[in-house]
Amino acid sequence: MRGVHGQPDVLDQNCSNCHQEHFGEEFDVLRFDSAGFDHSITGFELIGAHASAECQDCHGNSDWIRDQTVLNYQEKFGLIGSHSTFLGLEPTCESCHLEESVHGDQFAGESCANCHNTVEWEDISQFDHNEARFALTGLHVEQTCESCHTPERVLEGALAGTEVIRFRGLEFETCESCHEDVHEGRLDELAGVPQTCESCHGTEGWHQFDERFPEDLFPHEETGYALIGAHESLDCESCHAVREDLVIANQWVDGTADYTYPEPVSDTCMDCHVDYHEGVFVHTGDGAECSTCHTETAWIPSNFGLAQHEQRSRFQLTGAHVVTPCSSCHIMEPSTVTGEEKPQFRFDDLSCEGCHEEDNPHGDSFASAEDGCDTCHATTSWNRDITYDHEAETGYALTGAHASLSCQSCHFDSGVGSGAGGLNGAGDMGHADNTYAAGGAGASNRQAFSLLFAALPDDCMSCHETDSPHQGQFAESVLGPACEECHTTERFTLDEFDHSRTSFPLDGAHIEVACADCHVQETAADGSLFTRFFPLSTECSACHGDQ
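Residues in the sequence shown are numbered from 12 upward in steps of one, following this note's numbering.
What the hints contain is simulated information worked out from the structure, not anything from laboratory work. Virtual Cβ for every residue (Gly too), placed ideally from N, Cα, C. There could be a bad hint or two in this list.
Label-pair restraints from in silico Cβ distances [claimed, not checked]:
(1) S362 - I397: 17 to 27 Å
(2) F55 - Q31: 20 to 30 Å
(3) D49 - N128: 31 to 41 Å
(4) G47 - D23: 16 to 26 Å
(5) E65 - N128: 17 to 27 Å
(6) L540 - L409: 24 to 34 Å
(7) D192 - E65: 24 to 34 Å
(8) A309 - V348: 17 to 27 Å
Build the full structure now, drawing on both the sequences and the hints.
This is how it looks when you write it as structure tokens:
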């Protein structure tokens with residue numbers, strides 16, 4: 012005996028405690044107070060949502076009666092009205108909720124209480140998915156049931172035509188059972204590449220690769236592009252960008268190329284990196300091949316050395332240029348594209364003036380010259396090792412003492428410094444804001460001066476006017492102002508002089524007379540002493556008086 016009548020607390024009671032005799036067809040055989048009825052004596056305690064249900068919510072539908080004995084009585088006696096019954100219901104969830112069930116018959120024979128409770132049907136927090144054949148880890152824990160367990164239409168049986176959520180019979184042997192292969196099988200043909208998703212990916216996130224990835228697990232060299240240098244430590248996403256729809260792609264300068272595994276569209280540097288040089292090298296012999304100067308190890312320093320400068324540029328490095336820092340020539344200037352300060356590599360003018368215009372000590376002295384700076388100078392040193400044929404280039408041969416003079420002894424701007432050193436200056440030159448600072452014996456009192464070369468006069472007085480001992484005596488002499496009439500470039504002092512070339516030839520006793528006996532010293536207006544040569548009287552009394 013089951014149900015309320017089979018309970019020990021009810022068996023000893025008299026039927027009249029709950030029922031009364033018949034008084035017509037419509038009498039109510041039950042006379043208990045349903046509002047105060049202790050349902051727990053039936054063996055089915057009302058808890059949760061059941062506690063607030065009305066009796067007729069469960070006992071008002073005869074279609075839910077499963078007990079065959081009760082069904083037989085119902086069929087035989089036609090239990091209606093007061094003869095309706097509270098008997099015959101099963102204390103299982105499906106006896107009342109079968110039509111509401113989203114499971115169909117997938118869990119036939121199992122208790123709904125394994126997952127659900129009477130308080131809230133959709134609260135299945137008590138269900139431990141780890142007890143199933145597929146334990147939830149990583150991001151799977153955060154998914155809703157419907158993410159994996161989708162509705163399916165029942166085609167036959169009591170629930171035919173309805174939709175139930177599928178929980179059993181799902182494929183889960185591989186990730187592809189639920190997830191599409193974003194690589195579309197393109198990795199399958201690569202030698203040495205793991206063929207299961209788990210080899211590279213984990214449930215913590217599609218893009219959270221195994222900590223050993225890719226060096227130990229994924230042989231990137233098999234793709235034809237080995238990861239070396241700085242590339243070796245990059246995250247995959249640095250090159251293989253991910254769009255919102257989780258399609259892995261390669262990010263190129265010109266856009267996003269989808270599904271480029273295993274062979275990318277191209278593997279040149281500028282497919283991933285913006286051209287820092289803004290097209291400067293696009294038209295060179297090497298095109299825009301970054302590896303000409305750079306390596307994967309680091310962008311700086313460049314591996315473009317002397318050999319490359321010799322072979323690949325229009326300007327060969329020689330002499331002092333060999334040890335000149337790159338930045339001395341390739342100076343920082345604002346980019347014409349972005350305005351950013353960047354080193355310059357394209358030069359229209361490869362002549363010396365192209366770099367040295369601002370520190371050119373000659374100014375525009377040689378602006379009209381057909382030959383360049385290398386006529387006089389070499390890259391080994393600006394002011395040494397000068398190979399210049401003075402006679403061939405200027406028509407003025409350097410002879411005698413002139414041959415041993417330094418250039419600045421003659422080529423200096425008297426307006427900048429004093430020339431008190433005369434022709435004796437023999438010091439070295441050194442740059443000083445487009446001027447030279449002379450030093451050395453006989454030139455210590457000469458200050459910084461500019462060098463003059465163009466249209467420089469070649470007469471003696473243009474250089475020796477300040478150190479001439481004659482005080483202008485020969486300006487109107489019969490010999491004229493030409494110094495070479497008496498002097499040579501070998502030395503200033505004379506061993507002998509042909510007096511017959513003057514208006515007073517020497518004869519007789521005069522031939523033996525010393526020069527100083529006639530050409531005596533006088534005091535000039537500035538107080539200096541000089542020897543009188545002209546004008547000088549040729550009268551005897553001028554020297555001999557009235558003897």
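Hint check:
Under the hint 17 to 27 Å, the C-beta atoms of S362 and I397, about 18 Å apart, fit the expected range. The hint said 20 to 30 Å for the Cβ distance between F55 and Q31, and at roughly 25 Å that hint holds. Range check, D49 to N128: about 22 Å between beta-carbon atoms, so the 31 to 41 Å window is missed. For the pair G47 and D23, the supplied restraint of 16 to 26 Å holds, since their beta-carbon distance comes to about 21 Å.
For E65 paired with N128, a C-beta distance near 21 Å keeps the hint of 17 to 27 Å intact. Between L540 and L409 the beta carbons are some 32 Å apart, a value that agrees with the proposed interval 24 to 34 Å. Judged by the Cβ atoms, the range 24 to 34 Å given for D192 and E65 is violated: they are separated by roughly 54 Å. Distance hint for A309 and V348: a CB-CB separation of about 24 Å, consistent with the stated range 17 to 27 Å.
Violation of the numbered hints given earlier is confined to hints 3 and 7; the remaining hints are satisfied by the structure.
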